[in-house]
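Residue numbers (UniProt numbering), protein chains in the order written: chain B, 1 to 229; chain Y, 1 to 229.
Do not take every clue at face value.
Label pairs and their in silico Cβ distance ranges [as the list claims (entries may be wrong)]:
| no. | chain 1 | residue 1 | chain 2 | residue 2 | range |
| --- | --- | --- | --- | --- | --- |
| 1 | Y | 77 | B | 158 | 16 to 26 Å |
| 2 | Y | 144 | B | 38 | 26 to 36 Å |
| 3 | Y | 105 | B | 102 | 32 to 42 Å |
| 4 | Y | 155 | B | 38 | 42 to 52 Å |
| 5 | Y | 141 | B | 102 | 36 to 46 Å |
| 6 | B | 5 | Y | 144 | 15 to 25 Å |
| 7 | B | 223 | Y | 211 | 50 to 60 Å |
| 8 | Y | 2 | B | 99 | 45 to 55 Å |
| 9 | B | 39 | Y | 207 | 48 to 58 Å |
| 10 | B | 135 | Y | 207 | 30 to 40 Å |
| 11 | Y | 144 | B | 51 | 28 to 38 Å |
| 12 | Y | 77 | B | 54 | 32 to 42 Å |
Rough simulated footprint, nothing fancy, chain Y against chain B, three-plus residues with beta-carbon under 8 Å [claimed, not checked]:
| no. | region |
| --- | --- |
| 13 | 118-128 |
| 14 | 145-153 |
| 15 | 157-167 |
Some chain Y residues flagged as far from chain B (calculated, every beta-carbon gap over 10 Å) [as the list claims (entries may be wrong)]:
| no. | residue |
| --- | --- |
| 16 | 35 |
| 17 | 56 |
| 18 | 57 |
| 19 | 129 |
Everything labelled a hint here was simulated from the structure, so no lab data went into it. By construction, the Cβ of each residue, glycine as well, lies at the ideal position given by its N, Cα and C atoms.
What follows is each chain in one-letter form.
2 protein chains.
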Amino acid sequence: MNNIKVIAFDADDTLWVNEPYFREAEDKFCALLEDYLPMHSVAAELFKIEIRNLPLYGYGIKGFMLSMIETILEVTEGTASLTMIAKAIEFGKEQLNKPIELLDGVETVLSALKEDYRLVVATKGDLLDQERKLQKSGLENYFHHIEIMSEKHEKDYLKLLKHLDCKPENFLMIGNSLKSDVLPVLAIGAHAIHVPFHTTWAHEVVEHNVEHDNFKSAETITEILTFLK
Amino acid sequence: MNNIKVIAFDADDTLWVNEPYFREAEDKFCALLEDYLPMHSVAAELFKIEIRNLPLYGYGIKGFMLSMIETILEVTEGTASLTMIAKAIEFGKEQLNKPIELLDGVETVLSALKEDYRLVVATKGDLLDQERKLQKSGLENYFHHIEIMSEKHEKDYLKLLKHLDCKPENFLMIGNSLKSDVLPVLAIGAHAIHVPFHTTWAHEVVEHNVEHDNFKSAETITEILTFLK
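Working from the sequences, and respecting the hints, build out all of it.
Structure representation (structure tokens):
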């Protein structure tokens, strides 16, 4: 991994804990509708509605809240009381106010790399929410800026590189999602390191064995330093 | 206005029509609750809830939808039927699917400036929604990229300039909001041109008479060309 100039870090479940908070909110939400459907069926219904709304809403908690509300409408066939809607809004707001729990080693890695590379955050999600999380994380000063991406497909990374005035061979992406942080990055000729997290949203899961000259897999984020020295 | 290198355009109500669509959705929404409160009181309640939620949700249609839903909960004191919630979601989705109506002269202006300046879009709102509007507008190729800003205060413009690697004296902002597109931009030593639009959201209104060396006011967007020749 020579010639790297810009390193982009995914945020959720790469720098800090995120997916477990979504799972927690989802569990509470499914319990709320238990009188209508078994919890796993509510979860399946919610997932279906989230995916249906994704092209319209994009990623992030506000879209998740709107999808929970729509799930209530569908699962209860319009018979629920408004208390349930209030609950869904409450779950979403709680999630927006969660504290930030940094993953082990993140700060060590960022301070080791800060001098030699331009570091950016490249993440999906709601703009304000991600900015707030970055601020709460105390990591803001390590990064040149934060890029919120509406998707992480090849064309979105090409747009990002144009925006950064950076060539693919000088770009390294680090993240926990093979689907979003690795495969499209390798496809455009850039570099990627996968740092898995224990929980992955179903929408981000791919079964894939990656072998590529520009690819490394790390057990923990600290391990990426060994590839960059 | 010499030495300008980067020109940033606000999007909503500067490049294309937006506020009237919000007013239209709001009117339909207030009519929905007319049995509970006079329309102007519903509008006042909605505005109060939108402003209360702004620090948490930020700008954009998804936050507007969530605030409409909360307004239903409050105005009907939890007694409404879920049909009303479904209606609010429908109004929001309709708005997300609105066609783009370019304002007069926009394309002429952009083609006249494209060769000599780096043009960017700098706008508040939901990321995916703004990207989609830019794409629908057919204007994408005029712009180096789109910057979605969670706020347009001085510190946000400073962040933007750092991100663009641009000095304040080389930066010009063009937009319809004195509060968001002009005052903070002048305050950091950059240039601004105000192009008013006939409808302005109450939250964006300021009573202000601007006199400043770096400031111009234009009646229409085409007029900005006379300041840049």
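Outcome of the hint check:
no., hint, verdict
1, Y/77 / B/158: 16 to 26 Å, "violated, 51 Å"
2, Y/144 / B/38: 26 to 36 Å, "violated, 51 Å"
3, Y/105 / B/102: 32 to 42 Å, "violated, 49 Å"
4, Y/155 / B/38: 42 to 52 Å, "holds, 49 Å"
5, Y/141 / B/102: 36 to 46 Å, "holds, 40 Å"
6, B/5 / Y/144: 15 to 25 Å, "holds, 19 Å"
7, B/223 / Y/211: 50 to 60 Å, "holds, 59 Å"
8, Y/2 / B/99: 45 to 55 Å, "holds, 49 Å"
9, B/39 / Y/207: 48 to 58 Å, "holds, 54 Å"
10, B/135 / Y/207: 30 to 40 Å, "holds, 32 Å"
11, Y/144 / B/51: 28 to 38 Å, "holds, 32 Å"
12, Y/77 / B/54: 32 to 42 Å, "holds, 34 Å"
13, 118-128, "holds (count 3)"
14, 145-153, "holds (count 3)"
15, 157-167, "holds (count 3)"
16, 35, "holds, 15 Å"
17, 56, "violated, 6 Å"
18, 57, "violated, 6 Å"
19, 129, "violated, 8 Å"
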